[in-house]
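S.K.: Listed below are the residues making up each chain.
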Amino acid sequence: MLLIIGIVAGGLVIGLYLWLQSKGIKPKWYEWLIGLIGLALVILGIENFAGLTVEAESTAATLTLLAMILPGLGLIALGWFMAVRRQRVTT
Amino acid sequence: MTKFHSTMSRRDFMKSIGLAGAGLGAASLVAPNFNDLDDVASRQNGVARHPWFVKELELEKPTVEIDWSVYQPYDRTKFSMKTATSSRDEDLIPAIKAARELKDSGRNIAWVKERFPDYQGPSVRDYAVVNAFGASSAGQVRPAFDGSFGDDYDIRGPEDNGLAKWTGTPEENLKMITTAFRFMGASEVGVVPITTNTKKLIQKCDSRGKPYLFTNTNVPGETSTEWAIPNSCQNAIVYTTLETGQAMTAPAPTVSGYDHYRRVNSRVHAFLGGIGWQHVEIPSLSNPFGTMAGVIEHSRGCMVGTSYKVGNMYRGMHRILTDLPLEPTYPIDAGIFRFCHSCATCAQSCPYDAMPLGDARWDHEWDDEEADGNYTPGYRGFRMSNFRCIRCKNCHTDCPFNAADEASIHEIVRVTQSITPLFNSFFANMHRSFNFGTKNMDDWWEENIDTNGYQASYIRH
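Protein chains in written order, with numbering that gives the first Met the number 0: chain A, 0 to 90; chain B, 0 to 460.
No lab work stands behind these hints, which were simulated from the structure alone.
You may find that some hints are simply not true.
Said to hold, decoys possible - Estimated spans, in silico, between C-beta atoms of each pair:
hint, chain 1, residue 1, chain 2, residue 2, range
1, B, Asn-451, A, Pro-70, 37 to 43 Å
2, B, His-460, A, Leu-32, 38 to 44 Å
3, B, Asn-428, A, Arg-85, 19 to 25 Å
4, A, Gly-5, B, Ser-8, 24 to 30 Å
5, A, Leu-1, B, Gly-372, 51 to 57 Å
6, B, Asp-332, A, Leu-1, 27 to 33 Å
7, A, Leu-64, B, Tyr-70, 51 to 57 Å
8, A, Leu-32, B, Asn-428, 25 to 31 Å
9, A, Arg-85, B, Ile-411, 38 to 44 Å
10, B, Cys-204, A, Leu-1, 55 to 61 Å
All C-beta atoms, glycine included, are put in the ideal place defined by N, C-alpha and C.
All chains, please: the whole structure from these sequences, using the hints.
M.R.: Next comes the structure, spelled out in C-alpha cells:
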C-alpha cells in the first residue's frame with residue numbers, strides 16, 4: 000500500500016515539477032519544502048485514517064482528517080500560492 | 000509516405016502519466032468492498048462475512064452433494080464407528096489391527112524422518128509441550144506450591160517417556176520456554192535471578208504467618224514451620240498473559256483474562272515438570288517481578304504494570320521459581336514511567352478516585368493509607384488507594400500505550416516519547432481528545448471482533 004502511495008506521490012511531484020517548468024514557474028527551495036511537508040501530512044493522514052478505522056477508533060479517524068489532512072492541504076496550497084505570487088511579481 | 004509521429008507533446012504525455020498514476024493510487028487507496036449488489040445484500044450489520052471470492056450458497060445445499068432421502072441420523076445403539084484410534088475392534092477388523100501395529104512400530108516418527116531426514120525424534124520437551132495441555136483440559140486444575148496438581152492431574156515427567164530430563168544452555172532454555180509458553184497462551188517471558196534483593200519481592204509469609212523460606216531441601220513443599228523453597232531454585236520465570244484488548248471496557252475482558260491465565264498457568268507448570276525441572280508456585284501475581292524482568296515498567300497503573308506493547312492489558316503477571324538454568328532478562332526503560340508523570344489518564348478516569356494523581360513518591364499519596372501503613376515501602380513509585388479501589392478495572396482500558404499498530408501514529412508516539420519527554424503532555428492530551436481508551440460497551444456488540452478479542456498487534460511477536 001505504502002509503496003503504491005509512494006509511487007503515485009512521486010509521479011505527482013515529478014509531473015508537477017515538469018508542468019511548472021513548462022509554465023516558467025520556478026519555486027524556491029522553501030516553497031518546495033512547505034509543499035512536500037504538506038504532502039507528507041496528507042499521506043500520513045490518509046494512512047492513519049485507514050488504520051484507525053481498522054482499529055474501530057472512529058472518532059480518532061475523523062479527527063485525523065482535521066488534524067492532519069486539512070493542515071497538509073493547507074501547506075500544499077500555501078507553497079503553491081507563494082510560488083505563483085512571486086512569479087507574478089517578477090514577470 | 001509520411002513518417003508517422005505522435006502529435007502529443009512531452010508536456011501532455013507527462014500530464015497523462017501523472018493523471019493515470021493519481022487514478023491508480025486513488026483506486027488502490029479505496030479498496031473495493033463490494034463487487035456487486037449481491038455483496039451489498041450479503042452484508043450483516045455492514046460487515047462482510049466472507050472475502051469477495053467466496054460465494055454464499057443456498058441453505059442445505061453446500062458444495063458436497065447430499066441426498067436427504069438417504070441420509071439418516073447416526074444410531075449409536077446399533078453400532079458405533081469402528082476406528083483405528085481404539086484397539087477395541089482390532090480383532091474383528093484386520094485393517095484396524097494392521098494400522099495399530101504400524102503405529103506401535105513407530106510409523107508416526109518414521110514418516111516424519113522420511114520427510115525430514117535430520118529430524119531427531121521427539122525430545123523430552125516435545126512430550127512436555129503436548130502433555131501440558133492435559134493439565135488445562137483437566138478442568139481448571141490449579142497447581143499447588145510444588146507445582147503439582149495433587150489428585151486432579153498427574154504431570155508426565157521425562158521418566159514416564161523413558162527419557163532423561165531436558166538439558167540446554169541458559170540461552171537455549173530461555174528460547175525454549177519463550178516458545179513453549181507463547182504456544183500455551185503466554186505473551187512475554189522473562190527471567191529474574193534470585194538474589195538477596197529479589198528474594199524480597201517474594202511474600203514473607205502466607206496469611207497465617209507461615210514463612211516462605213529458601214532451604215536446603217530438594218523438594219519444595221509445606222512443613223510444619225515453613226513453605227520450603229529449594230535453594231537450587233535460582234531463577235524466577237516471569238510470564239505475562241493478556242486480557243482482551245478489543246473491548247476496551249470492563250469487566251468482561253479482565254474476567255476472561257483470569258480464565259485464560261489459569262489455563263496457561265496449569266500448562267506451564269505441566270511443561271516445566273514434563274522436562275524434569277522444579278516449578279514452585281508462589282501464590283498471587285507479581286508486578287515487581289515483571290518490572291525486574293523487563294516485561295513491563297512500573298507505572299501509574301499501579302496494580303498493573305505498563306507494557307510499551309500492550310499498555311495495561313496484561314492481566315496475569317506470573318512468576319515460577321525454578322532450578323532450570325536460564326539467561327536473565329533485564330529491566331527496561333521505554334519512557335513509560337516518565338510518560339506517566341505527564342499523562343495520568345488512567346487516574347483521571349477512575350470512577351472511585353482511587354488512583355494517584357501526583358508524582359512518584361516514596362510514601363503514600365493518601366494520608367489515611369500512609370497512617371495505616373497500608374503499602375509496601377522501599378520504592379519511589381505510584382501507589383493506588385486500596386481503601387478506595389474496588390477493582391473495577393477501568394484503569395486498564397484508558398492507557399495510551401494500549402494502542403494497536405494499524406495506524407502509524409501509535410508507533411510515532413511510542414518512539415518519540417521514549418526519546419524525549421517534550422511532547423508527552425501533548426500526546427496525553429491528544430489521546431484524550433481523540434477519544435482513545437475506554438469505549439461504550441454497547442458499541443462493542445456491533446464491532447468485528449477477532450478470536451478471543453485480542454488485538455492482532457498484542458499477539459504478534
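S.K.: Does each hint hold? Answer for all of them.
M.R.: Structure-based check of all given hints:
The beta-carbon spacing between B/Asn-451 and A/Pro-70, approximately 39 Å, falls within the hinted interval of 37 to 43 Å. Remark: the range hint 38 to 44 Å for B/His-460 to A/Leu-32 is upheld by a beta-carbon distance near 39 Å. For B/Asn-428 paired with A/Arg-85, a C-beta distance near 38 Å fails the hint of 19 to 25 Å. A/Gly-5 and B/Ser-8 have their C-beta atoms about 27 Å apart, which keeps the hinted 24 to 30 Å range intact.
Range check, A/Leu-1 to B/Gly-372: about 56 Å between beta-carbon atoms, so the 51 to 57 Å window is met. A hinted range of 27 to 33 Å holds for the C-beta pair B/Asp-332 and A/Leu-1, which are about 30 Å apart. The supplied range of 51 to 57 Å is met by A/Leu-64 and B/Tyr-70, whose beta-carbon atoms lie about 56 Å from each other. Remark: the range hint 25 to 31 Å for A/Leu-32 to B/Asn-428 is upheld by a beta-carbon distance near 28 Å.
Remark: the range hint 38 to 44 Å for A/Arg-85 to B/Ile-411 is contradicted by a beta-carbon distance near 34 Å. One distance hint, 55 to 61 Å for the beta-carbon pair B/Cys-204 and A/Leu-1, holds here, with the actual separation near 57 Å.
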